[in-house]
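Sequence order for the protein chains is Y and R.
Letter by letter, the first sequence follows residues 1 to 412 of my numbering.
Letter by letter, the second sequence follows residues 1001 to 1136 of my numbering.
Source of the hints: derived by calculation from the structure; they are not laboratory data.
We put the beta carbon where it would ideally sit given N, CA and C, even for glycine.
Check before you lean on any hint, since a few could be wrong.
Said to hold, decoys possible - Partner residues aside, some chain R positions facing chain Y, computed with beta carbon under 7 Å: (1) L1020; (2) K1042; (3) W1076; (4) I1082; (5) A1098; (6) P1100; (7) P1101; (8) I1104; (9) A1123; (10) K1127.
Unchecked claim - Using 30 Å as the maximum straight-line C-alpha spacing, the simulated DSS-like pairs for lysine-lysine come out as follows: (11) Y/K268 with Y/K98; (12) Y/K405 with R/K1124; (13) R/K1127 with R/K1080; (14) R/K1022 with Y/K405; (15) Y/K405 with R/K1006; (16) R/K1057 with R/K1022; (17) R/K1124 with Y/K135; (18) Y/K326 with R/K1080; (19) R/K1078 with R/K1124; (20) R/K1127 with Y/K405; (21) R/K1078 with R/K1057; (22) Y/K387 with R/K1006; (23) Y/K291 with R/K1080; (24) Y/K286 with Y/K180; (25) R/K1127 with Y/K387; (26) Y/K405 with R/K1057; (27) Y/K112 with Y/K39; (28) Y/K326 with R/K1006; (29) R/K1124 with R/K1089; (30) Y/K405 with R/K1080; (31) Y/K286 with Y/K228; (32) Y/K387 with R/K1057; (33) R/K1022 with Y/K387; (34) Y/K387 with R/K1115; (35) R/K1078 with Y/K387.
To be verified - Coverage of chain Y stretches by chain R, computed from C-beta distances (three or more under 8 Å per stretch; other residues unrestricted): (36) 235 to 242; (37) 348 to 357.
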Amino acid sequence: MTAIAQIRRNDQPIYLDYQATTPMDPRVLEAMMPYFTYKFGNPGSRSHSYGWEAEEGVEKARGQVAKLIGADEKEVIFTSGATESNNLAIRGVAEFYKDRRNHIVTTVTEHKCVLDTCRHLEQQGFDVTYLPVKKDGLVDLEELRAAVTDKTVLVSIMAVNNEIGVIQPLAEIGKICREKGAFFHTDAAQAAGKIALDVEAMNIDLMSISGHKIYGPKGIGALYVRRKPRVRLVAMIVGGGQERGFRSGTLPTPLCVGLGEAAEICMKEMDGEAVRLTKLRDRMLKGLNAKLAEIYVNGDLEQRIPGNLNISFAHVEGESLMMGIKNLSVSSGSACTSASLEPSYVLRALGVEEEMAHTSLRIGLGRFTTEHEVDTAVEELVHHVTKLREMSPLWEMSQEGIDIKSIEWAAH
Amino acid sequence: MAYSEKLLDHYENPRNIGSLDKNAEDVGTGLVGAPACGDVMKLQIKVGADGLIEDAKFKTFGCGSAIASSSLVTEWVKGKTIDEAETIKNTDIARHLALPPVKIHCSVLAEDAIKAAIADYRAKAGKKDEPQEAAK
């Protein structure tokens, strides 16, 4: 793949963190370039060709995004990213309908921007139900059905989890929401462009999309807002009334164009890419399992996007492992990487023990990942896990048959 | 996060990894931390007839700073009396490795580990003396 040379310099580590962000596809950059330079007009300018040209770029992009999710282009509005889309969808709906319904249903494994928005609404007097998830990371549909009442205005459940890559049963969730008369919002930042999404078939009323997770630019996202039946929102950013009044502010034409192009490429290449990534993912897992005992995949492996592996390497602390695998860029569910000393709340929600959560790595594969990179990663992981296990007192105890849970540990 | 060269050296080339016979009378074992917190250190000392620590070994489950802190401590205690080893402070470890603030707890754990190993050694030595006293 010739794009590789353009994406990664030889002295850079192997990038395996595609759920954090993705490099921009060179084809996307190419589509954006004119809008940085000679097609610089304000898409809101109606009085001259600069404006028309920019507007044409923006509207083409809107159509490209709409097509990816089976929506009408009038139903797509541009935002700064999925965080803003999630804020707007949840707060916007809650505030608009608050006199009629004041209950929101979401899950405990949502992205922080959804959870924090819900907490914010709780402080304002809304009721929020945080549904647990099953061991496989998926929501229990019967629990969902029971949680949605005639007071529920919105159900917000992510399409694909950012840490463990599991795919929620969107069509079933949508059906329940429709039956109960609640709006269904899904944070599809990790799903769009990776799995087939259809807002009609899945009864989705609002959907958040991010540019930089689909090989597009950072700083741009989209929110799908259903028109039939109409979903109404209170705007968060007011001003010139752009984007049907939902989101004022001059549109960043090059970023919109980039998101559109990224969406179109994803749509064209999705099927082939899924096959390729599944092969790479399986190759990696097989390689690791062949050389390492006691490694566990967190979250369901079948109901999962192919580009994600979240693995606990028992008895090896995640951050020390990341320090060893210097040539690989991954992230960890261990506490030590963040300022808070709590391990991943997503893994904890699956019932993964704290000590196992500390040993987890999130490995993200994507468009520019090669077989050679996967093989190198397996080699490095095997080497460093083995080395760190040799110096792990927990590994020693487990080899001696001592049950680590039988020891009374002094918490510190 | 940028780590000091000394820390990276101890992480990449840890000194004195291994285990001593925890049932031996001249060996003291300290096991501190908790798996749920992401840090467990096992530190062992072997005390010679002359009262000096002649060997020290460690095994650590934890981040790079925890590994480096325990590796450093095993180097420091060798050749010291247990009374001298007991005076090692976490601040000395943190300063030597230039630990960032969020990693100070690793040096605290290393200090706890050496203290626990010394306490274990002393408890064993005390037990050994008891029957002799009873025989008098």
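Quick rundown of the hints versus the structure:
1. L1020: Violated, because the Cβ-Cβ distance from R/L1020 to chain Y comes to roughly 12 Å (cut-off 7 Å).
2. K1042: The hint holds - R/K1042 has a Cβ within 7 Å of chain Y, the shortest such distance being about 4 Å.
3. W1076: Constraint on R/W1076 not satisfied, violated at 18 Å.
4. I1082: violated, 22 Å
5. A1098: violated, 15 Å
6. P1100: It is violated, given that the least Cβ distance between R/P1100 and chain Y is near 11 Å, above 7 Å.
7. P1101: violated, 10 Å
8. I1104: This interface hint is violated because 12 Å lies over the 7 Å limit.
9. A1123: violated, 17 Å
10. K1127: violated, 21 Å
11. Y/K268 with Y/K98: violated, 41 Å
12. Y/K405 with R/K1124: holds, 26 Å
13. R/K1127 with R/K1080: holds, 23 Å
14. R/K1022 with Y/K405: Given pair R/K1022, Y/K405 holds - Cα atoms ~20 Å apart, limit 30 Å.
15. Y/K405 with R/K1006: Roughly 34 Å separates the two Cα atoms, so the pair is violated.
16. R/K1057 with R/K1022: holds, 11 Å
17. R/K1124 with Y/K135: violated, 46 Å
18. Y/K326 with R/K1080: violated, 36 Å
19. R/K1078 with R/K1124: holds, 20 Å
20. R/K1127 with Y/K405: holds, 29 Å
21. R/K1078 with R/K1057: Cα-Cα ~10 Å, so holds.
22. Y/K387 with R/K1006: Satisfied, since the Cα-Cα distance of roughly 20 Å is no more than 30 Å.
23. Y/K291 with R/K1080: violated, 41 Å
24. Y/K286 with Y/K180: Cα-Cα ~44 Å, so violated.
25. R/K1127 with Y/K387: violated, 37 Å
26. Y/K405 with R/K1057: holds, 24 Å
27. Y/K112 with Y/K39: The given pair, whose Cα atoms are some 37 Å apart, is violated under the 30 Å limit.
28. Y/K326 with R/K1006: Given that 30 Å is the threshold and the Cα spacing comes to 17 Å, the pair holds.
29. R/K1124 with R/K1089: holds, 24 Å
30. Y/K405 with R/K1080: violated, 35 Å
31. Y/K286 with Y/K228: violated, 47 Å
32. Y/K387 with R/K1057: holds, 16 Å
33. R/K1022 with Y/K387: Within the cut-off at roughly 23 Å; holds.
34. Y/K387 with R/K1115: holds, 27 Å
35. R/K1078 with Y/K387: holds, 24 Å
36. 235 to 242: With 0 residues close enough to chain R, the hint is violated.
37. 348 to 357: holds (count 3)
Hints 1, 3, 4, 5, 6, 7, 8, 9, 10, 11, 15, 17, 18, 23, 24, 25, 27, 30, 31, 36 from the earlier list are contradicted by this structure; the remaining hints agree with it.
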